[in-house]
Amino acid sequence: MSGVPLEKPGRAADASQPAIAVRNLHKSFGHNEVLKGIDFFVDPGQVVCVIGPSGSGKSTLLRCVNRLEEPTSGEVLIEGIDICDPETDLDDVRSRIGMVFQQFNLFPHLSVLKNLTLAQRTVRGRGKEEAVQVARANLAKVGLSDKESAYPAHLSGGQQQRVAIARALSMDPDMMLFDEPTSALDPELVGDVLSVMKDLAAEGMTMMVVTHEMGFAREVGDKLVFMDGGVVVEEGVPAEVLSNPQHERTQAFLSKVL
Amino acid sequence: MKRTTKRRLVVWGVNLGVLAAVVAALLLIDWSAFRANFWSPDGVAGGDSNWGDLITIGAVNTVKYTAIAFAGGLAFAVVLSLMRLSPIATLRWLATAYVEFFRGLPALLVILFMGFGLPIAIGWNPPGGVVGAGLLALIMVASAYMAETLRAGIQAVPKGQTEAARSLGMGATSTTFRVVLPQAFRIVIPPLTNEFVLLIKDTALLSVIGSTFTGRELTTVARDFTSSGVSAGTATSLVQAALLYLVITIPLTQLVAWQERRQRKATR
Numbered sequence: 001m002s003g004v005p006l007e008k009p010g011r012a013a014d015a016s017q018p019a020i021a022v023r024n025l026h027k028s029f030g031h032n033e034v035l036k037g038i039d040f041f042v043d044p045g046q047v048v049c050v051i052g053p054s055g056s057g058k059s060t061l062l063r064c065v066n067r068l069e070e071p072t073s074g075e076v077l078i079e080g081i082d083i084c085d086p087e088t089d090l091d092d093v094r095s096r097i098g099m100v101f102q103q104f105n106l107f108p109h110l111s112v113l114k115n116l117t118l119a120q121r122t123v124r125g126r127g128k129e130e131a132v133q134v135a136r137a138n139l140a141k142v143g144l145s146d147k148e149s150a151y152p153a154h155l156s157g158g159q160q161q162r163v164a165i166a167r168a169l170s171m172d173p174d175m176m177l178f179d180e181p182t183s184a185l186d187p188e189l190v191g192d193v194l195s196v197m198k199d200l201a202a203e204g205m206t207m208m209v210v211t212h213e214m215g216f217a218r219e220v221g222d223k224l225v226f227m228d229g230g231v232v233v234e235e236g237v238p239a240e241v242l243s244n245p246q247h248e249r250t251q252a253f254l255s256k257v258l
Numbered sequence: 259m260k261r262t263t264k265r266r267l268v269v270w271g272v273n274l275g276v277l278a279a280v281v282a283a284l285l286l287i288d289w290s291a292f293r294a295n296f297w298s299p300d301g302v303a304g305g306d307s308n309w310g311d312l313i314t315i316g317a318v319n320t321v322k323y324t325a326i327a328f329a330g331g332l333a334f335a336v337v338l339s340l341m342r343l344s345p346i347a348t349l350r351w352l353a354t355a356y357v358e359f360f361r362g363l364p365a366l367l368v369i370l371f372m373g374f375g376l377p378i379a380i381g382w383n384p385p386g387g388v389v390g391a392g393l394l395a396l397i398m399v400a401s402a403y404m405a406e407t408l409r410a411g412i413q414a415v416p417k418g419q420t421e422a423a424r425s426l427g428m429g430a431t432s433t434t435f436r437v438v439l440p441q442a443f444r445i446v447i448p449p450l451t452n453e454f455v456l457l458i459k460d461t462a463l464l465s466v467i468g469s470t471f472t473g474r475e476l477t478t479v480a481r482d483f484t485s486s487g488v489s490a491g492t493a494t495s496l497v498q499a500a501l502l503y504l505v506i507t508i509p510l511t512q513l514v515a516w517q518e519r520r521q522r523k524a525t526r
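If you read the protein sequences in the order shown, they are chains A and B. Be aware that the first sequence starts at 1, since it is given in the working numbering, and climbs by one per residue. Be aware that the second sequence starts at 259, since it is given in the working numbering, and climbs by one per residue.
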């Protein structure tokens, strides 16, 4: 299993607080209750994978973590900070949570380099030179140094997703959220993205990954959470949950996808 | 008969018919009378021809007024469109009322109101004189249309773009101005060009409120030449003005079409 270090080098994360703590989270869209009381934790340096059938609420849970969705009730704490507290500077908290979307969501009107520098400059207040330097370092990390002047439309899906990861990393986030990052990719492009994510995990990045990639969950994840019908049905060490699921809903789901 | 043969015959039939009609018209027209009324020699050539004033006063002012009305209208339209999409109901309601109001009125009426009604009613001295008041009217009307165009453009930008920007910690304002609006503008370039061309033509409405001699736009200059000058009593100056309008509008629509193609190549 992955020997993930608990402390990240060079970052003063408060190790006594969970990176993400979700308590009794409810979320309804109209009369449709999508999350029915979720308790969910990610410790600093941990990689937590969330699996489950479509409509299980796993993406909604992830989107509540940086409040792209407004929780109906319950508590979401990021490094101990309540993100629903009106006193909280939500933009500041968000800038420390990298997010990677299923549909990449790169800014199509900006070059790759500008995609990576825009938020650094407007949010982090970095000068142009520093922002470009950080951007280039992160592009190199995802293996796309030669694409900095390309526009997103000229990149393959896998390249776009790696740029999206580099964009999130350029903010020097404390943690990363991945919302089905490989689901929109052609099968032959999935590997490149997963290997970038593996490298990140190996560096000790705190990660919450909603995914259908069971291989990734088994190999890289420290914890696997299975959701169905808006509740956490089962969670544990990935290899154990995957090979010996305790709950019959988990068994039924895994028998279909494995 | 094969279908392609039949189709070819129909096409040729149509072509021949059109050609026959054109030839007949050319033969039947009384060319000297036609020329005297629409292309009077004194009006179109020589040192005293209409071209001088038509171009240096009329066309120049038309372009100037259009630019002012478009820039003003667009700036106001950005505000209006953002108000229409605001989470604050009062702002939405205000913008909707404004847009519905000015889209429902003839531009000519608004120009007359601003040019003659308002200055007298409230003792207002419009900047730039009566023409200034007329331009303000054009801005008010144009912004209502452009606001709707822009709103559609903003709504056409995928929600994921806003989410990506916000998830990076960007605030609502920088998300709007750095991420959403640049993409919205790109989407609405074709309909905005349309607004621009409509506006060029709407500046002709300013001819109803009068202006200084050198402040006249193209249609006013042309109209004045129908009753005075070397081609008075003929429609020559109107034909000349028509040509000048086309010289302005056609390159413009072509330029934007070209830009659009180039941009699509770059970003898609």
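Quick caveat, the hints were computed from the structure, so don't treat them as lab data. Check the hints yourself; a few may be wrong.
[Stated by the list, open to error] Here are some chain B residues pointing at chain A (derived, C-beta under 7 angstroms):
#1 Val321
#2 Ala325
#3 Ala329
#4 Gly381
#5 Asn383
#6 Ser425
#7 Leu426
#8 Gly429
#9 Ser432
#10 Val437
#11 Pro440
Note that CB positions come from ideal geometry on N, CA and C, so glycine has one too.
Hints and how they fare:
no. : hint   : verdict
1   : Val321 : 29 angstroms, violated
2   : Ala325 : 25 angstroms, violated
3   : Ala329 : 22 angstroms, violated
4   : Gly381 : 46 angstroms, violated
5   : Asn383 : 43 angstroms, violated
6   : Ser425 : 4 angstroms, holds
7   : Leu426 : 4 angstroms, holds
8   : Gly429 : 5 angstroms, holds
9   : Ser432 : 5 angstroms, holds
10  : Val437 : 6 angstroms, holds
11  : Pro440 : 5 angstroms, holds
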